[in-house]
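S.K.: Letter by letter, the chains look like this.
Number of protein chains: 2
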Amino acid sequence: MSVIKVAILGFGTVGEGVYRTIQSHAEELTSVLGRKVEVAAVLIKNKQKTRDIREDVLITTDFAEILNLPQLDVVVEAIVDKEQPFTFLNQAIQSGCHIITANKEMFAHHGNELLELAENYNVSVGYEATVAGGIPIIQTLRQLLNVNRVRHIQGILNGTSNFILTEMREKKQSFADALILAQEKGYAEADPTNDVEGFDAFYKTMILSRIAFGEQPNWKNVERAGITSISRELIETAEKMGLRFKHIASISKTGSQINAEVKPVLVGKSHPFYSIEGVENAVNIHSDIVGSITLQGPGAGMYPTASAVIEDLVYVCQNRSSNKSITKTTAACDGEKKGNEKELWLIQGLSKNYNNPLITWVAQASDKIAIIKATKEEIEKLINLKKATCYFQIIGEYDTEIKNKEVTLAVL
Amino acid sequence: MSVIKVAILGFGTVGEGVYRTIQSHAEELTSVLGRKVEVAAVLIKNKQKTRDIREDVLITTDFAEILNLPQLDVVVEAIVDKEQPFTFLNQAIQSGCHIITANKEMFAHHGNELLELAENYNVSVGYEATVAGGIPIIQTLRQLLNVNRVRHIQGILNGTSNFILTEMREKKQSFADALILAQEKGYAEADPTNDVEGFDAFYKTMILSRIAFGEQPNWKNVERAGITSISRELIETAEKMGLRFKHIASISKTGSQINAEVKPVLVGKSHPFYSIEGVENAVNIHSDIVGSITLQGPGAGMYPTASAVIEDLVYVCQNRSSNKSITKTTAACDGEKKGNEKELWLIQGLSKNYNNPLITWVAQASDKIAIIKATKEEIEKLINLKKATCYFQIIGEYDTEIKNKEVTLAVL
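Chains H and Z, in that order, give the protein sequences. The opening residue of the first sequence carries number 1 in UniProt numbering; numbering runs sequentially from there. The opening residue of the second sequence carries number 1 in UniProt numbering; numbering runs sequentially from there.
Honestly, the hints are just simulated from the structure, not real lab data. Some clues are possibly wrong.
[Claimed, not checked] Simulated pairs of lysine to aspartate or glutamate, EDC-like, Cα-Cα distance not exceeding 20 Å:
id, chain 1, residue 1, chain 2, residue 2
1, Z, LYS269, H, GLU239
2, Z, LYS185, Z, GLU170
3, H, LYS269, Z, GLU239
4, Z, LYS172, Z, GLU215
5, H, LYS82, H, ASP191
6, Z, LYS269, H, GLU277
7, H, LYS269, Z, GLU277
8, Z, LYS269, H, GLU170
9, H, LYS387, H, ASP367
10, Z, LYS386, Z, ASP367
11, H, LYS82, H, ASP62
12, H, LYS342, H, GLU380
13, Z, LYS263, Z, GLU236
14, H, LYS269, Z, ASP367
15, H, LYS45, H, GLU27
16, H, LYS342, H, GLU377
Just so you know, these numbers come straight off a predicted model, no measurement behind them.
Excised from the complex, chain H in its bound form:
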């Protein structure tokens, strides 16, 4: 029986999870692929560290050694960096290897180049693990897109941010304390910027955009905000109104324009993200035939991410071109209208006596915090004029229960 030879670049959480899963699920892989899968090499940084890797596996710090192996079929990349892994994968494709990556930052930047190069070399690219860990979102989108036209995608794509927001609400903790806990639990890095400032979710959103709409928006036009501005007070006030903060990525397409934003918003009980808690991820796809579908599951972690990589391994070894949906998706998608419509906002710092016919007061939660109805333009004016300090959009239907609460709050 012939063998599929795999190299794993990086032996952190994801790399190790992939290695272990290939060992533990060898039988399933052989059964589905008709060939044995063997890890031939692992690329590491530090030769001194001891690792539990079989003796017949080449362990090296030199990628050239891996490329020089007499047989190599698939390169799995799980390095935390942007440029070096891109170079490696470029070389791997040119050596005729299928590539699989779990690296969202690299893939958001260089995905197009890799996909084009792979097409020229007739190899496949797997990147299911770059978005929402174990949730098979890319495969599901690809399948839906066979005929459905995607209108709008929303996602909770960063488990660390969602964990922090959940802790702050449930345990009435400050952002700082919740972040420390996330770090202790291994959910957040020592430098948490990527997660809490929304960069990680931004990269994932760009990858989703390419699948759903065939291209990315101009990065400069994408609003990206993290969760650092959300205080415990805001969370508590929102909770009283039946609303929860969620860090949500949103993409839609109007005409030829892709609208994307990654920011904290408030959702009511009827929104499918209201009950997504802790490190869970969720993605809601709204498409024209099927309507609204939500997928929920583990967004990170050793085995969920490994599962996504292994699904890709099956995918690329069956040599299905993962590039097709990328270049194909040109269907006209009429995303939701944006711009001049009045929307609901939670606003902080606006004086109770502020009078403006363009702004409708919905509820006054405390001296400082209120819910108002206004266009985005008006809200931004208030901020520019320093009439208010911060604002958050409220999305999803506003159910009766919340409305009743509002009335009570407004009377106070």
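Got chain H; can you put chain Z on it based on the hints?
M.R.: Frame of chain H, contents of chain Z only:
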């Protein structure tokens, strides 16, 4: 350009949805399949009815006429009946057609025979639309199963029952009134037995079992209960304890034994099904590598179901054998242990003074309703001895909030 010719059997909600979608998404279909898709014939019951169907389509009450068409590639079956459509699909396969069905009752009964026959004739079978409408559960399971071993599947598979339970809770309606509303809205048939007695969910569960575990359990060993025994009082009491009734199908495998049940249970806030409301469906898959994934979406309706059929159309025309995962899945799945463990139950009618060392009282909600901890065996004894009138299992984690409420209730 060659053409793919499709016949649609039945022109009810699903059949019409498929017809309309093939027209409205012709461009997408041509793009993904490289060939035009054309509806060549529609099988109907009543020739008198007027229908908005193109003139070049053969409309007939005689299936033989359809089989005699000079070219026919795919037969889509959307008839509400069991034996006749089975006969039609048998003949279609033997004529070399791929088949697609949306008929759960027929497929739960005859799926194996059709899949075997299709394998002999080298054609494909699509049945995504038989379970959970527009949610791509079968495709997702098939993909996950490439390497994951499924441990446990839970599903809200009947939108009608879920709608009735939601109405009863939210609007404090009786079962009878909620059923009438479901009928008025077109969610329930004139004879609602199939939905409210759990038959519809049972058939879907049998289909899921075959995909996840390669076979169905013995139907006689499957507990099947509907929602007719759930009173408004029970729902209100459960709500006070932070619990909601959901009609849940559950399948797992222990050794070579498949355990399946379809019945109303109570779930707490931390369970992903707690917030699944109205006609929505949801499926939770627990598998060994990826952990727990939940898919949520429209379980029925013209276009969601049509979307599933059209996905299948792409699938079978790409001639991927949908039979593989059926016969392949033999992985040892250690489902959750059942039997002698104590579990939580909501029980009605048990006297407050009833004393039994094998039963732990957790909370007394009212004179008649309590939460107890006991083995299933003990609970069944109580029922047989007429010490209690009915009981419902409580699943999912019991969170602190509920525990606190319990204490209060117990003191009353």
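S.K.: For each hint, tell me whether it holds in the structure or not.
M.R.: Status of each hint after checking the structure:
Restraint check for Z:LYS269 and H:GLU239: satisfied, since their Cα atoms lie roughly 16 Å apart, inside the 20 Å limit. Taking the CA atoms of Z:LYS185 and Z:GLU170, the gap is near 17 Å; set against the 20 Å cutoff, the hint holds. About 16 Å separates the Cα atoms of H:LYS269 and Z:GLU239, which keeps this hinted pair within 20 Å; it holds. Note on Z:LYS172 and Z:GLU215: the hinted pairing is violated, with a Cα-Cα distance of about 41 Å set against a maximum of 20 Å.
Of the supplied pair hints, the one linking H:LYS82 and H:ASP191 holds, its CA atoms being roughly 16 Å apart against a limit of 20 Å. Proximity of Z:LYS269 to H:GLU277 is assessed by CA-CA distance (about 11 Å); at most 20 Å being required, the pair is judged to hold. In summary, the hint linking H:LYS269 to Z:GLU277 is supported, as the alpha carbons are separated by about 11 Å, within the 20 Å threshold. Only pairs whose Cα atoms come within 20 Å are accepted, and Z:LYS269 paired with H:GLU170 is accepted, the gap being roughly 13 Å.
A hinted pair counts as satisfied when its Cα atoms are at most 20 Å apart, and H:LYS387 with H:ASP367 qualifies at roughly 14 Å. A hinted pair counts as satisfied when its Cα atoms are at most 20 Å apart, and Z:LYS386 with Z:ASP367 qualifies at roughly 17 Å. Between H:LYS82 and H:ASP62 the alpha-carbon distance is near 17 Å, which keeps this suggested pair within the 20 Å criterion. For the given pair, H:LYS342 sits about 13 Å from H:GLU380 by alpha-carbon distance, which is consistent with the 20 Å threshold.
A threshold of 20 Å between alpha carbons decides the hint, and for Z:LYS263 with Z:GLU236 the separation of about 19 Å falls inside it, so the pair holds. A C-alpha spacing of about 32 Å is found between H:LYS269 and Z:ASP367, which places the hinted pair above 20 Å, so the restraint is violated. For the proposed pair H:LYS45 and H:GLU27, the alpha carbon gap of about 30 Å is over 20 Å, so the pair is violated. As the CA atoms of H:LYS342 and H:GLU377 are separated by approximately 9 Å, the hinted pair is consistent with the 20 Å bound.
In this structure, the earlier hints numbered 4, 14, 15 are contradicted, and the remaining ones agree with it.
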